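Q: Each step along the sequence shown adds one to the number in the UniProt record's numbering, with nothing skipped, and position 215 is 215.
Treat each hint with caution, since some may be false.
Unchecked claim - Derived lysine to any residue pairs resembling SDA-like cross-links, with alpha carbons at most 25 Å apart:
#: 1; residue 1: LYS522; residue 2: GLU324
#: 2; residue 1: LYS522; residue 2: ALA448
#: 3; residue 1: LYS522; residue 2: ALA4
#: 4; residue 1: LYS522; residue 2: PRO630
#: 5; residue 1: LYS522; residue 2: ARG490
#: 6; residue 1: LYS522; residue 2: GLY28
#: 7; residue 1: LYS522; residue 2: LEU624
#: 8; residue 1: LYS522; residue 2: GLY621
#: 9; residue 1: LYS522; residue 2: ASP473
#: 10; residue 1: LYS522; residue 2: ASN263
#: 11; residue 1: LYS522; residue 2: LEU82
#: 12; residue 1: LYS522; residue 2: ARG58
#: 13; residue 1: LYS522; residue 2: ASP538
#: 14; residue 1: LYS522; residue 2: ASP631
The set of hints was computed from the structure by calculation and includes no laboratory data. Owing to the predicted nature of the structure, the values given are computational and were not obtained by experimental measurement.
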Amino acid sequence: MNAARAERLLPWAVGAGAGVLALGPGLGPGFMLSYDMAAVPEPPLSQVTLGGGGGFPRAVPSDAVLGALGTVLPGDAAQALLLMAVFTLAGAGAGRLLPGGWAGPAGSTAARAAAAAFYVWNPFIAERLLLGQWAMLLGYAGLPWLVPAVGRVAAAARPAGVRDAARLVPALLPAAAGGFSAMVLSALAGLPAAVLGARGAGRALRAGAVLAGVVAALSLPWLVPALGSGARTDPAAVELFAARADTPFGAVGSLLSLGGIWNAHAVPQWYGLPVLAACRLTLSAAGVAGWVWLVRRGGAPGFGAGLSAASAAGLGVALAGTTEPGREVLSGLIGLWAGFGPLRDGQLYVAPLALLQAAGVGAAALWACRAAADSEARVGGADAVTPPGGRDGEGHGDTGSRGRPRTPARSDRAAAPSRSRGLRTGRGRRSERPAASAGERVGALLGALLALAPIALLPGLLWGAAGRLDPVDYPDEWRRVQRLVDEDPRLGRVLVLPWSAYRGLDWRADGRDLVVLDPATKLFDRRAVWNDDLRVGDGTRVRLAEGEDPLADRVGRLHAADLGIRRYTASLGELGIRYILLERRAAEPLSGADAAAALGPLAGDNRFSSDGTGPAAVHDGARLLLLEVPDRHVDPPNDELTGLEGTAWFVTVGTIIWSLGGSGSSLVSMRTGPPRGAVSRKENPT
Numbered sequence: 001m002n003a004a005r006a007e008r009l010l011p012w013a014v015g016a017g018a019g020v021l022a023l024g025p026g027l028g029p030g031f032m033l034s035y036d037m038a039a040v041p042e043p044p045l046s047q048v049t050l051g052g053g054g055g056f057p058r059a060v061p062s063d064a065v066l067g068a069l070g071t072v073l074p075g076d077a078a079q080a081l082l083l084m085a086v087f088t089l090a091g092a093g094a095g096r097l098l099p100g101g102w103a104g105p106a107g108s109t110a111a112r113a114a115a116a117a118f119y120v121w122n123p124f125i126a127e128r129l130l131l132g133q134w135a136m137l138l139g140y141a142g143l144p145w146l147v148p149a150v151g152r153v154a155a156a157a158r159p160a161g162v163r164d165a166a167r168l169v170p171a172l173l174p175a176a177a178g179g180f181s182a183m184v185l186s187a188l189a190g191l192p193a194a195v196l197g198a199r200g201a202g203r204a205l206r207a208g209a210v211l212a213g214v215v216a217a218l219s220l221p222w223l224v225p226a227l228g229s230g231a232r233t234d235p236a237a238v239e240l241f242a243a244r245a246d247t248p249f250g251a252v253g254s255l256l257s258l259g260g261i262w263n264a265h266a267v268p269q270w271y272g273l274p275v276l277a278a279c280r281l282t283l284s285a286a287g288v289a290g291w292v293w294l295v296r297r298g299g300a301p302g303f304g305a306g307l308s309a310a311s312a313a314g315l316g317v318a319l320a321g322t323t324e325p326g327r328e329v330l331s332g333l334i335g336l337w338a339g340f341g342p343l344r345d346g347q348l349y350v351a352p353l354a355l356l357q358a359a360g361v362g363a364a365a366l367w368a369c370r371a372a373a374d375s376e377a378r379v380g381g382a383d384a385v386t387p388p389g390g391r392d393g394e395g396h397g398d399t400g401s402r403g404r405p406r407t408p409a410r411s412d413r414a415a416a417p418s419r420s421r422g423l424r425t426g427r428g429r430r431s432e433r434p435a436a437s438a439g440e441r442v443g444a445l446l447g448a449l450l451a452l453a454p455i456a457l458l459p460g461l462l463w464g465a466a467g468r469l470d471p472v473d474y475p476d477e478w479r480r481v482q483r484l485v486d487e488d489p490r491l492g493r494v495l496v497l498p499w500s501a502y503r504g505l506d507w508r509a510d511g512r513d514l515v516v517l518d519p520a521t522k523l524f525d526r527r528a529v530w531n532d533d534l535r536v537g538d539g540t541r542v543r544l545a546e547g548e549d550p551l552a553d554r555v556g557r558l559h560a561a562d563l564g565i566r567r568y569t570a571s572l573g574e575l576g577i578r579y580i581l582l583e584r585r586a587a588e589p590l591s592g593a594d595a596a597a598a599l600g601p602l603a604g605d606n607r608f609s610s611d612g613t614g615p616a617a618v619h620d621g622a623r624l625l626l627l628e629v630p631d632r633h634v635d636p637p638n639d640e641l642t643g644l645e646g647t648a649w650f651v652t653v654g655t656i657i658w659s660l661g662g663s664g665s666s667l668v669s670m671r672t673g674p675p676r677g678a679v680s681r682k683e684n685p686t
């Protein structure tokens, strides 16, 4: 394999290798279950997973993507494939973000490996993975593909147009598959690159409008149902979801090192050790310094200023939740419009900073190559190696901090060509590539160390997050209940009890409970009704963040109304509920008022009525009790896609198909584009 090919492929290998190290046993048989990550056997692909049935479409279209893969793969294999895609795409994109030709083959390859390793192995990706937010991580994986693609569109010689929109769609496909949070992240990172990478206000607005249009077109499958769902967002939840200190350096230091998640149980093992935390913060600071060096020398053409602005804005949102005035502002915005609800989870928005730091860590390796080469050149009396853009950002290819070309500085002598690429001879042919210089070897060694540093400083992510992502299998009883419900052709929803969102399941081989969103909420091809209120422990008390689903709120009121079993059953039928699934082991510890709130009238001994007016048992097992509401009480709901929702899917899928033809490829080229103002040329004449 030649050096150029190794330089291109190594970031892919680093990302895939990191995925294997992180997921470990989870790549074998069984399901990785952790908080919001609740993959199920035979994941459904139905109109409900496509966005039908009402409720806020937080899992649209990610559940549909998982269901589509589940038609050709086992459910656990589909889950493993998507998680490996996160690591592989993220590593490959981050590695290819660095410019070429700034060092010899060994130095460039090591620098790309360092950037890739940092981006796929940091506290942000570890904590979000343990929190189960795999769909959002698809958007994270797409950021290094999106940002330079937007930068090229903004910096092009001609104003952005329809053809440029076609080129942006492939870069947004990971986020489009992830859905809501993934697209929010993409907009945060992409819009500043579009606006700040363009020359002039008119072109900036046009580039921003093109990106906004593409984001909107790919967001329609979840955006249209969301606008019609009647969902609400609790402004009081801002304090519960605010970033917090998970290192000895407070909330600010935690966020700068890409940690600070609100859920203390989503922190990897050994994460808070002072020595490791200090080293991670130092590495993050080195990444920021490396990024500044890279941008000042024109190594981020078209997107340097945009990514810097996105990182600063994201960090600002995260820090806002850590102060009382900031929380008041965020709560006020959410109170004005529920669409501001995503701002409450502030730590989410340090994702662009992770990309900035990853590129900066790789740039540090490039800097080491140049510094060592300069030192070697001074000792040998030769000219120092300079990047294609000239020294300190001068000359062709330099775009400055805003991605704009500068006038090449005059020089009395030309820069010497890089020793790693050989000398031109004859008619443009290059001589045999000489061996790597001592300076290049020093830079390559530093790059290798920087590639290993993230893993060494975050050991808690290794091998299934130190066992926390060990795979488990579903008991046979769950599969039987799934078949019973799915084989019933009659319309009707499934009510999931006890009335709480998360379960402590005893399925692990080591006997420890695993906490996960109730898998029953994703088990069936019809809508599940469950309590989406979130209870968060805050010291010695438990605080409540109200959910978003109006239908769930109505069921909660039925529980509070203390109805008899007959009226309760009839009321459920009026809400379109046909089945009630009760998980016995989750209900066993409940008693008194807690049982009444979680189970309603089903908390008593007299759960069934002899005259057929109450629910009848369809399955009565050791783990699950499946009850059926009498058919005469059920008002069959219409949970199919509306015409508008179906049209939204048609537009999105059509946009993707059109873009593949318009861009000429399903892959996003990561080559650094020409400086703005350069004459374009046709590269593939036909």
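Q: Do the alpha carbons of LYS522 and ARG58 lie within 25 Å of each other, as the hint requires?
A: 12 Å, holds
Q: For a C-alpha distance cap of 25 Å, please report whether LYS522 and GLU324 respect it.
A: 37 Å, violated
Q: Just to be careful, I want the Cα atoms of LYS522 and ARG490 compared with a cutoff of 25 Å; is the pair within it?
A: With Cα atoms ~19 Å apart, LYS522 and ARG490 stay inside 25 Å; holds.
Q: Would the pair LYS522 and ASP538 pass a check requiring their Cα atoms to be no farther apart than 25 Å?
A: 28 Å, violated
Q: Do the alpha carbons of LYS522 and LEU624 lie within 25 Å of each other, as the hint requires?
A: 16 Å, holds
Q: Below or equal to 25 Å on CA atoms is what counts here, so check LYS522 against ASN263.
A: 23 Å, holds
Q: Checking one constraint from the list: CA of LYS522 to CA of LEU82, max 25 Å. Satisfied?
A: Holds: LYS522 and LEU82 sit about 17 Å apart, inside 25 Å.
Q: So if I understand the rule, the pair passes when the alpha-carbon distance is 25 Å or less; does LYS522 with ALA4 pass?
A: Roughly 45 Å between the alpha carbons, so the hint for LYS522 and ALA4 is violated.
Q: Check the hint pairing LYS522 with ALA448 against an upper bound of 25 Å on the C-alpha distance.
A: 43 Å, violated
Q: Checking one constraint from the list: CA of LYS522 to CA of PRO630, max 25 Å. Satisfied?
A: 24 Å, holds
Q: Can you confirm whether the C-alpha distance between LYS522 and ASP631 stays at or below 25 Å?
A: 24 Å, holds
Q: Compare the distance between the alpha carbons of LYS522 and GLY621 with 25 Å, and conclude whether the hinted pair is satisfied.
A: Judged against 25 Å, a Cα distance of about 20 Å means the pair holds.
The earlier numbered hints that this structure contradicts are 1, 2, 3, 13.
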